[in-house]
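**Q** The lines below spell out each chain.
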Amino acid sequence: DAKTTQPPSMDCAEGRAANLPCNHSTISGNEYVYWYRQIHSQGPQYIIHGLKNNETNEMASLIITEDRKSSTLILPHATLRDTAVYYCIVRVRSGGSNYKLTFGKGTLLTVNP
Amino acid sequence: GAVVSQHPSWVICKSGTSVKIECRSLDFQATTMFWYRQFPKQSLMLMATSNEGSKATYEQGVEKDKFLINHASLTLSTLTVTSAHPEDSSFYICSAIGLAGAPRGSNEQYFGPGTRLTVT
Chain Z
1 DAKTTQPPSM DCAEGRAANL PCNHSTISGN EYVYWYRQIH SQGPQYIIHG
51 LKNNETNEMA SLIITEDRKS STLILPHATL RDTAVYYCIV RVRSGGSNYK
101 LTFGKGTLLT VNP
Chain E
1001 GAVVSQHPSW VICKSGTSVK IECRSLDFQA TTMFWYRQFP KQSLMLMATS
1051 NEGSKATYEQ GVEKDKFLIN HASLTLSTLT VTSAHPEDSS FYICSAIGLA
1101 GAPRGSNEQY FGPGTRLTVT
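As they're listed, the protein sequences go chains Z and E.
Its first residue numbered 1, the first sequence is counted upward by one per residue in my numbering.
Its first residue numbered 1001, the second sequence is counted upward by one per residue in my numbering.
Derived DSS-like pairs (lysine-lysine); straight-line CA-CA distance at most 27 Å:
hint: 1; chain 1: Z; residue 1: K105; chain 2: E; residue 2: K1041
hint: 2; chain 1: E; residue 1: K1064; chain 2: Z; residue 2: K100
hint: 3; chain 1: Z; residue 1: K105; chain 2: E; residue 2: K1064
hint: 4; chain 1: E; residue 1: K1041; chain 2: Z; residue 2: K100
hint: 5; chain 1: Z; residue 1: K3; chain 2: E; residue 2: K1041
hint: 6; chain 1: E; residue 1: K1041; chain 2: E; residue 2: K1064
hint: 7; chain 1: E; residue 1: K1020; chain 2: Z; residue 2: K100
Okay, the calculated beta carbon distance ranges per label pair:
hint: 8; chain 1: Z; residue 1: S28; chain 2: E; residue 2: Q1060; range: 19 to 29 Å
hint: 9; chain 1: Z; residue 1: E14; chain 2: E; residue 2: T1082; range: 38 to 48 Å
hint: 10; chain 1: E; residue 1: A1072; chain 2: Z; residue 2: T110; range: 38 to 48 Å
hint: 11; chain 1: Z; residue 1: N112; chain 2: E; residue 2: T1017; range: 39 to 49 Å
hint: 12; chain 1: E; residue 1: I1012; chain 2: Z; residue 2: M10; range: 29 to 39 Å
hint: 13; chain 1: E; residue 1: S1043; chain 2: Z; residue 2: R81; range: 20 to 30 Å
hint: 14; chain 1: E; residue 1: E1059; chain 2: Z; residue 2: E14; range: 34 to 44 Å
hint: 15; chain 1: Z; residue 1: M10; chain 2: E; residue 2: E1052; range: 38 to 48 Å
hint: 16; chain 1: E; residue 1: T1120; chain 2: Z; residue 2: K69; range: 45 to 55 Å
hint: 17; chain 1: Z; residue 1: S41; chain 2: E; residue 2: E1087; range: 15 to 25 Å
hint: 18; chain 1: E; residue 1: K1064; chain 2: Z; residue 2: Y32; range: 24 to 34 Å
hint: 19; chain 1: Z; residue 1: Q45; chain 2: E; residue 2: G1053; range: 28 to 38 Å
hint: 20; chain 1: E; residue 1: G1061; chain 2: Z; residue 2: S41; range: 17 to 27 Å
Since the hints were made in silico from the structure, they are not lab data.
Where a beta carbon is used, it is the ideal one built from N, C-alpha and C, also for glycine.
Required output: the full structure, derived from the provided sequences and hints.
**A** See below:
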């Protein structure tokens, strides 16, 4: 299973863009990059995922480098409610059609007023 | 809205008793559900994979006789913590792999809101 490396914490000013990096240098060709976040005492919330093209949805943008060894999650206008632990995960396959997610320590993003 | 629910959201029990936690997929079917455990200030740790109609697969170090998992239908999996002790106090989270009809399509994982277990 490919592993990911994220900074343990980051700060961002409210209203500014938050750029969260992730390294996944051992990613395989058929593995996707997923981002989840976890607000305190809640279950993880899906944000976005991608294979090799950049992706954007209503929550965030995902920029994946051409060699796929790293990616950046961008929250364009961070709010206080975006304060959470953000997990970058490379999706692994665990037999048949089962997809097991292995969570690392993630990045604690603190959005400051 | 949530696509996976858990019940109860929190529970306090006495040491030595058993506690059952339910995980339901709403409006979609899930042949596979996962159970995670999260201790304070730590990340989620996968405990077991629950497959409908078959025995659960436990991760290394997780006692299958202590954490009983039943996946009796395509929308319900239960985790029973037997003879609970204070060290079992944790945040238990389930997730479900959706089949066709799930919000983001099939083979995507949807998480529940978690259950806080406190054993006194």
